[in-house]
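With the hints as constraints, model all of the structure from the sequences given.
Number of protein chains: 2
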Amino acid sequence: MADPLNDAALGQIFLEARTHNSWQDKPVSDDTLRQLVDMLKMGPTSANCSPARFTFVKSADAKERLLKHVSEGNQKKTHAAPVTAIVAYDLEFYENLPKLFPHTDAKSWFTGSETAIQETAFRNGSLQGAYMIVAARALGLDAGPMSGFNRDGVDQEFFAGTPLRSNFLCNLGYGDPAGVYDRAPRLSFDEMADIV
Amino acid sequence: MADPLNDAALGQIFLEARTHNSWQDKPVSDDTLRQLVDMLKMGPTSANCSPARFTFVKSADAKERLLKHVSEGNQKKTHAAPVTAIVAYDLEFYENLPKLFPHTDAKSWFTGSETAIQETAFRNGSLQGAYMIVAARALGLDAGPMSGFNRDGVDQEFFAGTPLRSNFLCNLGYGDPAGVYDRAPRLSFDEMADIV
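Those protein sequence lines, which keep their order, are chains V and E. Those letters in the first sequence? Residues 393 to 588, per this note's numbering, in order. Those letters in the second sequence? Residues 393 to 588, per this note's numbering, in order.
Source of the hints: derived by calculation from the structure; they are not laboratory data. Certain hints may be false.
One copy or two, either will do: identical chains are not told apart, so a pair holds if it fits within one copy or between any two.
To be verified - Here are the computed lysine-lysine pairs in the DSSO-like style, where the Cα-Cα straight-line distance is at most 30 angstroms:
1. K455 to K418
2. K455 to K468
3. K499 to K460
4. K499 to K469
This is the structure we're talking about:
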């Protein structure tokens, strides 16, 4: 049985962490991105199916290709961010199940079942996207997740001819606190939860 | 710019954390569940839409009602867990947007658009479910998320006549390390990520 993390750590990953919109001119190393993936991939997914795929857009050329498909309001910050992650999921994730979940034939749960494939990829790919956001903060990075982009455009640009589909984007880097908005209100416990 | 959390903290929330299947006979207080919600709700969602709803099943009566709809293989551990969270999402989440995202008319993005509603609720409700798992570990709890249950049955049993839909279940409590399975393999960096 573990103790709670200390207040500074709880603040860093949840209570004080904020979505960032302005970015310091400070790169994120490839080693840090590898450490980020090594952490997030340990988060649980159903039958260890691990459907999320991460394209870390770092180069100026790749950033230009991405920006064509990003909403107006997200352009400036995405241009400034040292890295933008395309959080995607693989609709053929079940091909890896003999390796990822070797003790039973989990691949057969999905073969030919489009609804189960789509739902499992989207649910668990989203869980892994959330693990990425929290893992980034735990590693001292700031995150700026975004849904405002043309999904089909990004898929054509980066994933044409593959079973990968984009889910959301997330700027990563070292944020400038001056660009953070006021904290938006949250629901109360009773509005979002119940103990029965 | 924050430092990375120390190794013990990174271990507790990701690197050493494990899905639990056996539970100590030790209750989880309502105060702890409230603290859990206070943390997870600070995680980001698109336009702060916050669609997840959490039903913490604690009483013997409610647990029996839930167990009727849980897969055979998940019965024993769910019975033993002091709390099972039904992680759900609210298909009428957009009704809260005037309060949650007051500076623009975000509610109008969703009114009458079933696809946008379903997709946004499922994506962001899943993100919040992942925040719950990591926040639980950060608070010293153990988690055991599960997809093996009858979704329609749970929705009829707990959410009949409401716009809430179950997403996944998650046992919460203080795990018995003896019940943890061997760590399943994960994909390599190159199998799940790319830097471009």
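Intra- versus inter-subunit Cα pairing at 30 angstroms for K499 with K460: Answer is between: at 26 angstroms across copies they meet the 30 angstroms cutoff, but 37 angstroms inside does not.
Identical-chain pair category, K499 with K469, by Cα at 30 angstroms: Between copies only: 24 angstroms across, 40 angstroms inside.
Homomeric proximity label, K455 with K468: Cα distance no greater than 30 angstroms: Intra 12 angstroms, inter 50 angstroms, cutoff 30 angstroms: intra-copy only.
Identical-chain pair category, K455 with K418, by Cα at 30 angstroms: Within. Shortest intra-copy distance 16 angstroms satisfies the 30 angstroms Cα cut-off; inter-copy 51 angstroms does not.
In the structure shown, no violation is registered for any of the earlier numbered hints.
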